[in-house]
Amino acid sequence: MTVWSVIGAGVAGLAVASELVERGAEVQVFDPAGPPGPHGCSWWAGGMLAPWCEFENAEEPVLRLGQQAIDWWAARTPVQRHGTLVVANRRDLPDLRRFGRRTEGFREVGAEIADLEPDLHGFSKGLLFEDEAHLDPRRALQDLYNALQDKGVTFHKRLAPTQLRNAIDCRGLHAREFLHDLRGVKGEMLVIRCPDVTLTRPVRLLHPRMPLYIVPRGDGIYMLGATMIEAEDSSRITARSMLELLSAAYALNPAFGEAEVLEIGVDLRPAFPDNLPRIRRLGHTIYANGLYRHGYLLAPALARGVADLALNNTHSEMVDEDRA
Amino acid sequence: MKQFYGVDLPNPLMLGTAQYPSPAILEQAFRASGAGVATVSLRREGAGGTGQAFWQMIADLDVLILPNTAGCHTVKEAVTTAHMAQEVFGTKWIKLEVIGHTDSLQPDVFALVEAARILTEDGFEVFPYTTEDLIVAERLLEAGCEVLMPWGAPIGSGRGLNNTYGLRAMRAEFSDIPLVVDAGIGLPSHAAAAMEMGYDAVLLNTAVARAGDPVAMAQAMMGAVNAGRMAHQADPIEARDMAEASTPVIGKAFLS
Chain A
325 MTVWSVIGAG
335 VAGLAVASEL
345 VERGAEVQVF
355 DPAGPPGPHG
365 CSWWAGGMLA
375 PWCEFENAEE
385 PVLRLGQQAI
395 DWWAARTPVQ
405 RHGTLVVANR
415 RDLPDLRRFG
425 RRTEGFREVG
435 AEIADLEPDL
445 HGFSKGLLFE
455 DEAHLDPRRA
465 LQDLYNALQD
475 KGVTFHKRLA
485 PTQLRNAIDC
495 RGLHAREFLH
505 DLRGVKGEML
515 VIRCPDVTLT
525 RPVRLLHPRM
535 PLYIVPRGDG
545 IYMLGATMIE
555 AEDSSRITAR
565 SMLELLSAAY
575 ALNPAFGEAE
585 VLEIGVDLRP
595 AFPDNLPRIR
605 RLGHTIYANG
615 LYRHGYLLAP
625 ALARGVADLA
635 LNNTHSEMVD
645 EDRA
Chain B
759 MKQFYGVDLP
769 NPLMLGTAQY
779 PSPAILEQAF
789 RASGAGVATV
799 SLRREGAGGT
809 GQAFWQMIAD
819 LDVLILPNTA
829 GCHTVKEAVT
839 TAHMAQEVFG
849 TKWIKLEVIG
859 HTDSLQPDVF
869 ALVEAARILT
879 EDGFEVFPYT
889 TEDLIVAERL
899 LEAGCEVLMP
909 WGAPIGSGRG
919 LNNTYGLRAM
929 RAEFSDIPLV
939 VDAGIGLPSH
949 AAAAMEMGYD
959 AVLLNTAVAR
969 AGDPVAMAQA
979 MMGAVNAGRM
989 AHQADPIEAR
999 DMAEASTPVI
1009 GKAFLS
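Line by line, the protein sequences give chains A and B. Throughout, our numbering is defined as the position within the first sequence, counted from one, plus 324. Throughout, our numbering is defined as the position within the second sequence, counted from one, plus 758.
With the rest of the complex left out, here is chain A:
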């Protein structure tokens, strides 16, 4: 029986391994960094399953393929289905109108905001995307990892051997020497603790330059994200980014000013020029990459596409090159 070697244990690699194993394939995973952790960019994700919101600034496949994600993840890890609330400061209300024009799957809310999120202050208008959901990315990675181990998948804490047959390269930006149109897009995020504020669902604060959001992780912990900068330096957060992220939280509720900053995350999202993921078969290796800011949203569709190609030789729309 063919043994498939998945290289990279981030969200792409683990989702691909899960999909293959669940379809009866034999799989081993290589990652020199070991189990999921801060070395991978999916560790720093927001974990929003928000295809309708993301469509505001993304191509159509994100909306369509992203809708598969919620059920895929719910079968494997806890998923919170409370929707997404989009709000804007009074001066940015034109942005809220535009957001509504460009998206679907929401209803307008006004006074109801106070019932949905009693700790939000000063927002008279918003959009509620009821069908969206969110998960805890680190929990999700760990759940996939555990399930794979339970099913007998071996995790090798070392580099994959070269000349491997039946390899599936899910290494993100580390694979760029083979994927020349891949680039890194810098993202910065914060994890803060603020037990004084209770939010039930991800809240997006529209901002002229970037979509700022805050995702509740439970126990008064929140993830604040995320910048998108066309730079390939993941060494440090800038003061400007930190100010903008914290200002967004403060604008939602001034009590966030008392929050403790638990973590600062900086990493590079792997992205192709149209910011959509790709599956490429070159020789003995299938490359699955380019999840950009849609790691959790599009990993299920990516994993299905890889399994379709690897096991059935069928080409999903994500396959853009096949030179086996």
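Hints may be right or wrong, so weigh each one.
One-sided and incomplete, this derived list gives chain B residues near chain A with beta-carbon spacing under 7 Å [said to hold, decoys possible]:
#1 Gln-786
#2 Phe-812
#3 Gly-914
#4 Gly-918
#5 Ala-969
#6 Gly-970
#7 Ala-974
#8 Ala-978
These are computed hints drawn from the structure, not numbers from a lab. We put the CB at the ideal spot given by N, CA and C, even for glycine.
Please arrange chain B on chain A, whose structure you already have, making use of the hints.
Positioned in the frame of chain A, the structure of chain B alone reads:
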């Protein structure tokens, strides 16, 4: 068309490169519209040249690159950023932005003049983002600028030409200087209006990048600037208060 520091532009549309949904759409917007100048923000997208992959895509567009100092609030920041831009892009051109007011992003014209003087002495060819103030414009020319870029409206506001009187006065006062309306354009009609006034080019970013279909909007903007320029060159009629029939009425059999 006037030359910009000795360079002929292929057409009067300058496009920014920020905020597009993806680099692929950015590229299509440039290719479909044919815009000949791309402004790039070094400060926002990776200081120190760390955005190599993105810069390479911009370089591959094969258009003139006009780096900017967007986001700078002081002379020192702007001068440093300009020098970094020169290293990354290998051009003497710099669009000089020194922001003075947080909410309106109105330029700090005093710092602008000083930064323009320093950069000109350093050998840069400065495109200053300024207001329509005539005295400031005079000072910028004295500082060595050979192009002026007055705002139409605050950056990203899409309000069009807020002060057409001021922009007309500027055009009349500096008839020999290449003038570009920079910032505030929301619609093709705004861009056309600037060109009808005799401006030499229009620089915009948000109106295209944040449109639902950036590629179509870029093409619409190119149509508008070309229409506006042709109209200016065609010497438009003067507006008048009462009708003037375009066909003669005297001599017709029946006058109603």
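Sort out which numbered hints this structure fails and list those numbers smallest first.
-> As far as the earlier hints go, 1, 4, 5, 7, 8 are violated by this structure, in ascending order.
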